[in-house]
Structures are given as C-alpha cells and as structure tokens.
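A.B. asks: The primary structure of each chain is shown beneath.
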Amino acid sequence: MSCNKKALAALIGSIFVVSATQAMAGASAKAMADTCAGCHGTNGQSVGPATPNLAGMSEGYFIESMQGFKALPKGATHAEDARPATIMNRIAKGYSDEQIEAMGAYFASLPVYKAKVPHDPAKAKTGAEIYDKGCAKCHDEGGALPDDDAGILAGQWLPWMEFSMADFKSGHREMPKSMKKQVNKLSDAELAAVLHYFASQQ
Amino acid sequence: MANFTRRKFIQVAGGAAAASSLGFPAIVGAASKKVVIVGGGTAGATAAKYIRMADSSVDVTIVEPNEHYYTCYMSNEVLSGHRTIDSIRVSYDGLKGHGVKVVHDTVVDIDAAGKMVKTAGGQTLAYDRCIVAPGISLKDNIEGYDDAAMEAMPHAWKAGEQTVLLRKQLEAMPDGGVVLIAAPPNPFRCPPGPYERACQIAMYLQAKKPKSKVMIVDAKDKFSKKGLFTQAFDKYFKGTIEWVPGKDTGGGVVRVDAASGTLYTGDGKEHKADVANVIPAQQAGAIAIKAGLTNDSGWCPIDGRSFESTIHKGVHVIGDASISKPLPKSGYAANSEGKVAAAAVVAMLKGEEPGDPALVNTCYSIVGPNDAISVAMVYDLKEGKLSKVEGSGGLTPTDSPPEMRARDVQYAYSWYDNIVHDSFG
Chain A
0 MSCNKKALAA LIGSIFVVSA TQAMAGASAK AMADTCAGCH GTNGQSVGPA
50 TPNLAGMSEG YFIESMQGFK ALPKGATHAE DARPATIMNR IAKGYSDEQI
100 EAMGAYFASL PVYKAKVPHD PAKAKTGAEI YDKGCAKCHD EGGALPDDDA
150 GILAGQWLPW MEFSMADFKS GHREMPKSMK KQVNKLSDAE LAAVLHYFAS
200 QQ
Chain B
0 MANFTRRKFI QVAGGAAAAS SLGFPAIVGA ASKKVVIVGG GTAGATAAKY
50 IRMADSSVDV TIVEPNEHYY TCYMSNEVLS GHRTIDSIRV SYDGLKGHGV
100 KVVHDTVVDI DAAGKMVKTA GGQTLAYDRC IVAPGISLKD NIEGYDDAAM
150 EAMPHAWKAG EQTVLLRKQL EAMPDGGVVL IAAPPNPFRC PPGPYERACQ
200 IAMYLQAKKP KSKVMIVDAK DKFSKKGLFT QAFDKYFKGT IEWVPGKDTG
250 GGVVRVDAAS GTLYTGDGKE HKADVANVIP AQQAGAIAIK AGLTNDSGWC
300 PIDGRSFEST IHKGVHVIGD ASISKPLPKS GYAANSEGKV AAAAVVAMLK
350 GEEPGDPALV NTCYSIVGPN DAISVAMVYD LKEGKLSKVE GSGGLTPTDS
400 PPEMRARDVQ YAYSWYDNIV HDSFG
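Protein chains in written order, with numbering that gives the first Met the number 0: chain A, 0 to 201; chain B, 0 to 424.
Check the hints yourself; a few may be wrong.
As the list claims (entries may be wrong) - Label-pair ranges, simulated between beta-carbon atoms: (1) A:124 to B:93: 32 to 40 Å; (2) A:73 to B:167: 21 to 29 Å; (3) B:237 to A:74: 23 to 31 Å; (4) A:70 to B:65: 24 to 32 Å.
Stated by the list, open to error - Calculated pairs, DSSO-like style, for lysine-lysine (alpha carbon to alpha carbon, straight line, at most 30 Å): (5) B:234 to B:221; (6) A:29 to B:221; (7) B:324 to B:381; (8) A:115 to B:95; (9) A:29 to B:234.
Derived from the structure by calculation, the hints contain no laboratory data. Note that beta-carbon positions come from the ideal geometry of N, C-alpha and C, so glycine has one too.
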C-alpha cells in the first residue's frame, strides 16, 4: 500500500513541479508562497509555537484548506462547509483558484518538514498504540506521507493540531466519516495522546 | 577586483591558480555583483537573506550601526513585563550564516551617480544596486522635545534603550499615577502600536498599581483597529484607559517642558503626567533624506514593482521609509517588501525585468489577557500601482469568541518567532 502510494506521489509530484514552473500572468508561485513565511516560516518550515508547517504538504490538501478558508465569510470564525479560522479566511480571499493551485504545487514540491516540536514522550507512547489501530490507514508513515492528502502531522506544531481537533470535536470542522468513527471511540486524553504521538514523529 | 583582467589575475595568483585551473574560470566568471544594504532592520535583513537564498553569487553587505537589533514588534510586551528586553534582541549571526557581510558602521552618504556608499568610519563601498532601509526618523513637530526630553519622556518608538527607559519609569511610578501616551499623526510606524501599548501598560498597572491610569492624548480623531481597541478598553480597562481624540485638544501634544514634566496640547492646556511617552510625528530615516530619496512628504517614492526609487535609479527603498501605500508601515510589510526588492534586485542584476510582486500584511495586537486581534491584507500590482486585492483582508470580528481570541495570542507569538527567523535567521 505505502509503496504504491510513494510511486504515485513521485509521479504526481513530477507533474506538479512542471505546472509550478509554468509561466503565468501575475506574481510567481514562489513570490506568493514567500509571503506566507512571516507566519509559517521560511520555505514553509515554521519555528512555531503554533502556526503549522506547510512544506511538503500535498497540493490537494493545500487547495482544500485554502478553499475551505475562502468559503468562510469575513466576520465569522466558523461556518458550514468552511474551514474554521481566526485570520486565514481574510488572507485566502486574496487569491484566485489558479493562484491557490500554484502555491499548492509550490509547497508540495518542497521536502516534508518535521519540526522539533516539544511533546510529552509518555503521551506519545500511549498515542502510538492508538495511532496504529485507528489513524495509520489515512495518516501513513506517522503522518508524514503527503499523498494521503491529510496534511503533514508528523513533527507538526502541537497547539495547531489541538486547535484543529477542538474544531473537529465541536463540529465546526467536518470530519471524514472514517475519522469520525475513530475519534468518537476515543477519550479526550486518548486524543491528546495521539497528537503528542504525531508531534513526536520528527 | 573590478579592474582585474583575467590575465593579470593569473599573474598575481601564479602557480596556485594554475594548479587549480579547472575551478579557475568559474571564479573569474563569477565577478560577483555587489549589493549594499543600508540598515539592518526587518526590511534590510529580509532583503539580504532572500537575495543570498536566490543567488549566492551576489555579494551582499549590510551596513548597520547597531551590534544587535531590537524588534519594535512585541516591544510593548516588554513595557507590561510580559517579556524581557533580551527576548526581542536579535543578532546578525543568522544573516552571516547566509554569507551576508555585516558592517557595523553608519552610512553618511549615498552617491547614486557613482554607485557608492560612504560610512562614518571612512569606508567606501561600491555597489551595483543599493537597498536603503533606514526605518524612521522623528520629526520636530513637538516643541521642546530635544535629547534631554527624550530621556525624560521616552518615545520608545525605536526599540532598545528607549523601551528599557520607559519600562523603568513605569516600574518606578507610584500607584495612582498617570501615564500619558502622546500618539502621533499619520503616517507613522506601526499604526496600532500606541493603542496596543496602552493595553499592555494597563495590564501591568492593573496587576501592580491598580489606582493608576493611562491617558492617550492623540493627534488624530481615529486610528487603526479603533472599534476593536475601543471594545478592549471597555471590556478590560474601563476607568483605566482613556483615549482623547485630537479634536478635543487642538491636535494633541504640541509642546513639552521636560524639566517640569509638563505637556501642552494644541488648545493651550497644560497636562501633568507621572510617566510621559511622547511619540512625535515621523519621516523616513535620516540617511534617506540626506541622500535625496524623499519627496515633500518626507518619505521615499518608489516603483511598486521593484521598490526602486523613482528619484535615484539603482537604489531601492523598502520598509517604513518607503511610500508603499496602501501597505502600512509594519514589520510584516517590511518583511514582504524585502522579498519583493530581493527578487527584483536579483533579476535586474542579470539584466532581466522583475516579475510581478506579491505582498501581504498581518499585524496582531495583544489587547488583553489571552486576547489578541489582527488586521490582514493581500496586495498586488494593478496598472503599475500597489493595490489591495479586492475582497481580501480586514479585521478580527468584534464578536469573535474568546476561544478564537486566545488562539490569536498563540498565533501572534508564532507570528513573532517566524517573522524574526524569516528576516534574520
């Protein structure tokens, strides 16, 4: 499974790189992506403590996230069929679909970055067992496989993962059915442990 | 080096060059282009780093008088005691790691025709392109605000010693004292700054000196994020913070008498304060004015595509000193402009046209315990002019829930760590 995913990722990656370097009107993908660095770190490698790394995430996940932010009305912090946000909705509305695709391809072309995120090793150990049973199928390789289209959770900043889980639990962010089934089985302590596991995957 | 021909170089280098003849043509071919950056603040540092990341053959030198940089952003948290002055001190080691040369000296002349920069220390630095990022200088719009007054009534609008001075005065102030913030007229560095400062100082006073007050005597009748700040003043600091618009005082503070600790507003009224934070009107940094890069406004007109001065070719002006409306004079804008100038300079050194610029601004203000607000905007170039992208940007909603305000405090700290690292690291 994971080998096939990797081969597919390599193939898709090469297509994305081609599209990322194609000439387009307006600012280049890199020029636009560089404006994110003030909060998300140089080349999408966040130094934390809360804003997520963007480097290496799949184009699909980037697009889904940005379109989710774009769908969130100004003046709201959550809405149906939109990604909850404090500020990203106001920023995402500054880009066309094509520009979002170009930025997505750019970040996907960068190597996956895992930050040295502070975490609790005991919780991470508990979380590892839960991960193996319930999360690994869609968040393969400890959450480091871009082609899962599920973001990069390995070495991801813990506060951001905690905010995201709070949004999933409150229903402000929609969970895929398979995720909902797993999450509903887990206590708050178990969910916290899983997030510490992802943070530990550096 | 510029006048060395290849033959002369071989003669000088002799046998050593012959021994490494394979690598030799590359060395001569890379007669490196020189960029001199005047000012090592956020804009200058970012430009230096991003030029080197884009093209490591470019020789980049920053001339900056200070050994360390103190970020203006988050310096209000030093005033409240929520962070130390050391936590906002940044070294130039990160830039040196990118191969940027850092010269601690003061630029006294920029010869745009001769493509040379001269320093107070007697150095002459030739350049192919120059980037000027001197930040702001203070105008003398407030009578009596001389060097002595600056010590007695610190502006703390350039972080560092002034920030420490103001913090010490706040610590020494008795409970029941009045802190007066004289807020400047537009345009000025960090538009939400004076009002975040009021909140930060008020948080300190409420904890340690609850009978004290903060009075903002403004030159203006409105200000950045006013609705959100007013909400915070009412919610957390009722009876502690008072904002007085310019129309009620004849335009705010116009004169000070440092010896007696008196401030005078435009309507002739006298004000006494236990701590006075006097923030004068502003203009581009002194070297930009001296080099003739400013127009009548006191700021530097630029071409929005490259940030090249429209007055002196070959010189780019970025950060607070530039006229980059509708971008504000903020740290994030300075960082964003640094990248645009870096890309333009790298292209122009190769004889290429610079591409279209992409710019963003994001400013957080921490206005109460676990409560931060933000303003954001995306910018591009339309018909040759820097413009807001329609539909983007805006403010934190006034009714955003406490949980989201608390998240924004974490994001504000993340913003800080990342922008410092992105600019200097």
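A.B. asks: Which hints from the list above does the structure break, by number from lowest to highest?
C.D. replies: 2, 4, 6 and 9
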